[in-house]
Each structure stands twice: as C-alpha cells, then as structure tokens.
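**Q** Please construct the entire structure, taking both the sequences and the accompanying hints into account.
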Amino acid sequence: MKSRFSLATLLLVSTVCADPAVKVTTGFSATDAGFKSGGIRPPAMNDAGKDAFFRVVSGKADEACGVLPVVKDGRGPSNQDDPEANFFFANGDKGGRLSVELKAPIEVKDIATYSWHTGARAPQIYKLYAADGTAPGFNAEPAAEVDPATAGWKLVAEVDTRKNGEAGQHSVLISTEGGEPLGKYSRLLFDVAANDNPHGQGNTFFSEIDITDAKGPALQHFEKKVETFTSKDGKFKYVLNSSESPDLHEWAKVHLMPVMEDWYPKLIEMIPVDGYTPPDTINFTMKLATTLPGHAQGVPAFASGNNVTLNANFMRDQQGGEAIGCAIHEIVHVVQFGSPGGSTRGQRPPTWVTEGVADYIRWFLFEPQAKGAEITQRNFASANYDSSYRITANFYDFVIKKYEKDLMKKLNLATHQGYSEDLWKQWTGKTVQELDAEWKAANKERLGIQ
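Heads up: the sequence shown runs through residues -18 to -1, 1 to 432, numbered per mature numbering (1 follows the signal peptide of the UniProt record, and there is no 0).
The hints are simulated quantities; they were obtained by calculation from the structure and are not laboratory data.
The reader is advised that the hints may include incorrect statements.
[Unchecked claim] Quick list of simulated restraints, FRET-style, between CB atoms:
{"hint": "1", "residue 1": "Ala46", "residue 2": "Gln432", "range": "49 to 57 angstroms"}
{"hint": "2", "residue 1": "Glu251", "residue 2": "Ala122", "range": "55 to 63 angstroms"}
{"hint": "3", "residue 1": "Arg37", "residue 2": "Gln415", "range": "28 to 36 angstroms"}
{"hint": "4", "residue 1": "Gly147", "residue 2": "Glu251", "range": "36 to 44 angstroms"}
{"hint": "5", "residue 1": "Gly119", "residue 2": "Gln301", "range": "55 to 63 angstroms"}
{"hint": "6", "residue 1": "Ala196", "residue 2": "Pro240", "range": "29 to 37 angstroms"}
{"hint": "7", "residue 1": "Gly276", "residue 2": "Thr158", "range": "19 to 27 angstroms"}
{"hint": "8", "residue 1": "Pro2", "residue 2": "Lys42", "range": "34 to 42 angstroms"}
[Stated by the list, open to error] Computed cross-link-like contacts, EDC-like style, restricted to lysine to aspartate or glutamate with a CA-CA straight-line distance of at most 16 angstroms:
{"hint": "9", "residue 1": "Lys217", "residue 2": "Asp262"}
{"hint": "10", "residue 1": "Lys207", "residue 2": "Asp229"}
{"hint": "11", "residue 1": "Lys206", "residue 2": "Asp14"}
{"hint": "12", "residue 1": "Lys422", "residue 2": "Glu356"}
{"hint": "13", "residue 1": "Lys407", "residue 2": "Asp388"}
{"hint": "14", "residue 1": "Lys91", "residue 2": "Asp142"}
{"hint": "15", "residue 1": "Lys206", "residue 2": "Asp229"}
{"hint": "16", "residue 1": "Lys109", "residue 2": "Asp142"}
{"hint": "17", "residue 1": "Lys422", "residue 2": "Asp388"}
{"hint": "18", "residue 1": "Lys384", "residue 2": "Glu349"}
{"hint": "19", "residue 1": "Lys412", "residue 2": "Glu386"}
{"hint": "20", "residue 1": "Lys91", "residue 2": "Asp195"}
{"hint": "21", "residue 1": "Lys353", "residue 2": "Glu304"}
{"hint": "22", "residue 1": "Lys391", "residue 2": "Asp379"}
{"hint": "23", "residue 1": "Lys109", "residue 2": "Glu127"}
{"hint": "24", "residue 1": "Lys109", "residue 2": "Asp129"}
{"hint": "25", "residue 1": "Lys85", "residue 2": "Asp33"}
{"hint": "26", "residue 1": "Lys85", "residue 2": "Asp195"}
{"hint": "27", "residue 1": "Lys166", "residue 2": "Glu89"}
{"hint": "28", "residue 1": "Lys383", "residue 2": "Glu337"}
{"hint": "29", "residue 1": "Lys5", "residue 2": "Glu159"}
{"hint": "30", "residue 1": "Lys85", "residue 2": "Asp114"}
{"hint": "31", "residue 1": "Lys248", "residue 2": "Glu349"}
{"hint": "32", "residue 1": "Lys42", "residue 2": "Asp75"}
{"hint": "33", "residue 1": "Lys76", "residue 2": "Asp142"}
Computed from a predicted model, the values in this text were never measured in an experiment.
In this text, a Cβ means the ideal position worked out from N, Cα and C, and glycines have one as well.
**A** If you want it as structure tokens, here you go:
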C-alpha cells in the first residue's frame, strides 16, 4: 500500500514541527541611553519576571551587590557604578548559574537582559536554558559540573556582547525571527560566565532580567527623571535621580542641590588629605523605602563610594526638618571614602570615629541652631565618647573648644593613614578615656546632676 504522504508533505510537516529560529539582538551605549540602544525596549515593570522566583544555583552572590529582586524591579541602576542596584557573582568567581521559576507555565515571547558598568563588568556572557519541568529525570537546579542539556533543560540561546564594547550599557533581546513565542516554559536557567579581568572582577553587573508573557499585558516602562548640576567653577557635578519620587524633584532642585553644591567644596577644604582627591561627581538617588534593601528601609540615607541614596519617604516627611542636614552627613562620608584610595592604609578607625565626624560637621557647623547633638538629662547616663553619631559629635565639640581646634583634619588624616588611640595623647596631652571623663564631668555640672 502506497503512503498517502508525498515528500513535499513530509517536508511541510517537518517545517511546522521544527522549533522557531531564535535570534539574539544586542544593543550598546557608552553613555546612559536608558537601555534603549539597538532598538531594544528599556526594562519593564510588569513583565512575567516581576513575580518569578530567582535563585542562585551555583556560584555566590557578591557581598556588595543588591539582593536578587533588583533584577526584576523594572527600574535599573541610577548610574554606571551602583552595586546595590545590580546583581553580580562574587569577585574571583568565574560566573555562576541563576534559575528563574515562573508562577506558572507561560508562552515566553522573549527574554531581555540589561547590564551597566564602567569596565569589564558591563558585557554579558551566558547560555540561556529553558524547561517546562516535565522531562524524565529533570533537575531544577543543576550544579556547575552538570550539563543542563542532560538534565531536562533545552539550550535556547548563547549570548556574548563583548564585541560591542566594554564600559557602558549592554542590552540583549532573545526572541524568534518570526515573532512567535520561544516556547511554553515554567523555568529558565542562566549559565553565566565571567569576563576576562586580571583582578577577578569580571562578573557582569546584571541590572535587569525581563521575561515577556506572549499573552500578558502590555509592558509598562519606568521613566527616569535625572538632572545634572554643575558647580559654577565647573569642577564638580551633582547628579539627581528622583525617578522613584518625581514629586520631590523640584524641592530637591531648589532646596537640596544648591546646599550640596555649596558645602561639598567646603568639606574637601575642611578635612583634606595629601595625595587623596575626593570624587568630582556625586550621584544622589531618591529611593522609596520599599525598594531599599531590607536593612536600609528604616534609615534616612546612606553613602557608598560617590553614591548617596536618600530615603524618599524620609525626605518627603522632613523637607522642612532634617532632610538637608541628613544629606550633609552623607557627603562627609563621600569626602572620607568616596574615591579609590579613600580607604585607610593603616588600621581602620572604629565606626564611631567617622560617624562622629559626619555628625559634628552637620550639627555644629552646618546647622548649629538646631542643637541636635545636645547632652541632656535624658541621655546623659548613656552618653560615652564612642556612642557614635550625635553623642560623639558633642564629645568632639568639647575637645575642639578646649584642646585641639584642628581635630576634624586630624581625624580624617588618621582615617586614611591609620588610626590608634595613642593619637589622642599626641593631639591633646590626654588619653581619650581621660577626655571622656572630663567631658562627662563638665556636662554633669552644667546639667546640675548630683
């Protein structure tokens, strides 16, 4: 009996059953283009990845990077060196693996990945695997030595953006030639390789990973609101990113940034260190408390390198109160530690030393009228020279007025060249414990405490 199927029919059936041709589109910009280069859309806020579960399967997250949810928040980093807004594997690691578990199997239309950095951490090198979890012997978390293709995973695409350039924004879109879905999947696996770097710092700064559901809602994109202010002499730049709190942008522009422009050069002159130059650019980012790392959601602000993150909820509540003074405290830290070479070459001082400097400058030089670092009957019993922040600032004020007017300069110099308690004896003729006792006695007498 002859077959009813002709050769042409068999070829047609074969073509229909074949997987769609996958294409990898890449985009690159040496400057901030909002990840819109190469015709690739910017990160989305409501893609299917938003509700997916991301997990490190092999390798280790770097201690300086943000927690994994930063790659699905749709916002991206505020600047080109913003570790807490990116995910990357630990220094020295040769990459690692990330698994993504979707809430349910979906027709995956496309997958986009974004990265941004100043050097070798910018380009992306990875293999993308996908699975529906039904293959015999499926392994949801294959270790580094396991070939995913032997564990129920399908290789979808291989990505390497190094040919586009190094420092800058890299965007990747994995889709099909005809626009049909990549397939119906419930899991993805990113097998990430590190870029070549002689210091082991080649792990990509992944800013965002988007997964588009072919049957999902239209994608919504986060619009950045960023403005750069340049000092009158052209030496310094202050970048304000209020994308997460656009209602605060005008207030910050009118009230906050002029103070930063005025005080940052003053601080550099106030606590100089020969051979160390503080950064000429500060990035100020307003972030909602809910998008801050868990340990930072209750703090008003924090500094990392030349990046100052401001809690937008606190700034909004304290526009006429502590908001600006809080930012002054943080730019002191930028002067102390903001550039390469800002770390100490000897013994690093205790935290109370540097936090006390920042609060002394804030409460006794910037806003002394606020009297925010007073010793009162309420806090006297618990006040010690090393209590940090406001209390230590008050202790410094006592020492400056009675023994050493250049204490701020000396403390910052010790921060860079090495700190020791013996320095207090050199500076004042007394140990820090003797100064502490004298300071307490003076406050006790002033407060009339028996």
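**Q** Evaluate each hint against the coordinates.
**A** Hint by hint, here is what the structure shows:
no.: 1; hint: Ala46 - Gln432: 49 to 57 angstroms; verdict: holds, 50 angstroms
no.: 2; hint: Glu251 - Ala122: 55 to 63 angstroms; verdict: holds, 58 angstroms
no.: 3; hint: Arg37 - Gln415: 28 to 36 angstroms; verdict: violated, 50 angstroms
no.: 4; hint: Gly147 - Glu251: 36 to 44 angstroms; verdict: holds, 38 angstroms
no.: 5; hint: Gly119 - Gln301: 55 to 63 angstroms; verdict: holds, 60 angstroms
no.: 6; hint: Ala196 - Pro240: 29 to 37 angstroms; verdict: violated, 49 angstroms
no.: 7; hint: Gly276 - Thr158: 19 to 27 angstroms; verdict: violated, 38 angstroms
no.: 8; hint: Pro2 - Lys42: 34 to 42 angstroms; verdict: holds, 36 angstroms
no.: 9; hint: Lys217 - Asp262; verdict: holds, 7 angstroms
no.: 10; hint: Lys207 - Asp229; verdict: holds, 10 angstroms
no.: 11; hint: Lys206 - Asp14; verdict: holds, 11 angstroms
no.: 12; hint: Lys422 - Glu356; verdict: holds, 13 angstroms
no.: 13; hint: Lys407 - Asp388; verdict: holds, 14 angstroms
no.: 14; hint: Lys91 - Asp142; verdict: violated, 21 angstroms
no.: 15; hint: Lys206 - Asp229; verdict: holds, 13 angstroms
no.: 16; hint: Lys109 - Asp142; verdict: holds, 9 angstroms
no.: 17; hint: Lys422 - Asp388; verdict: violated, 22 angstroms
no.: 18; hint: Lys384 - Glu349; verdict: violated, 21 angstroms
no.: 19; hint: Lys412 - Glu386; verdict: holds, 11 angstroms
no.: 20; hint: Lys91 - Asp195; verdict: holds, 6 angstroms
no.: 21; hint: Lys353 - Glu304; verdict: holds, 12 angstroms
no.: 22; hint: Lys391 - Asp379; verdict: holds, 13 angstroms
no.: 23; hint: Lys109 - Glu127; verdict: holds, 14 angstroms
no.: 24; hint: Lys109 - Asp129; verdict: holds, 11 angstroms
no.: 25; hint: Lys85 - Asp33; verdict: holds, 7 angstroms
no.: 26; hint: Lys85 - Asp195; verdict: holds, 11 angstroms
no.: 27; hint: Lys166 - Glu89; verdict: holds, 4 angstroms
no.: 28; hint: Lys383 - Glu337; verdict: violated, 19 angstroms
no.: 29; hint: Lys5 - Glu159; verdict: holds, 6 angstroms
no.: 30; hint: Lys85 - Asp114; verdict: holds, 12 angstroms
no.: 31; hint: Lys248 - Glu349; verdict: holds, 15 angstroms
no.: 32; hint: Lys42 - Asp75; verdict: holds, 8 angstroms
no.: 33; hint: Lys76 - Asp142; verdict: holds, 15 angstroms
Violated hints, in rising order: 3, 6, 7, 14, 17, 18 and 28; the structure is consistent with all others.
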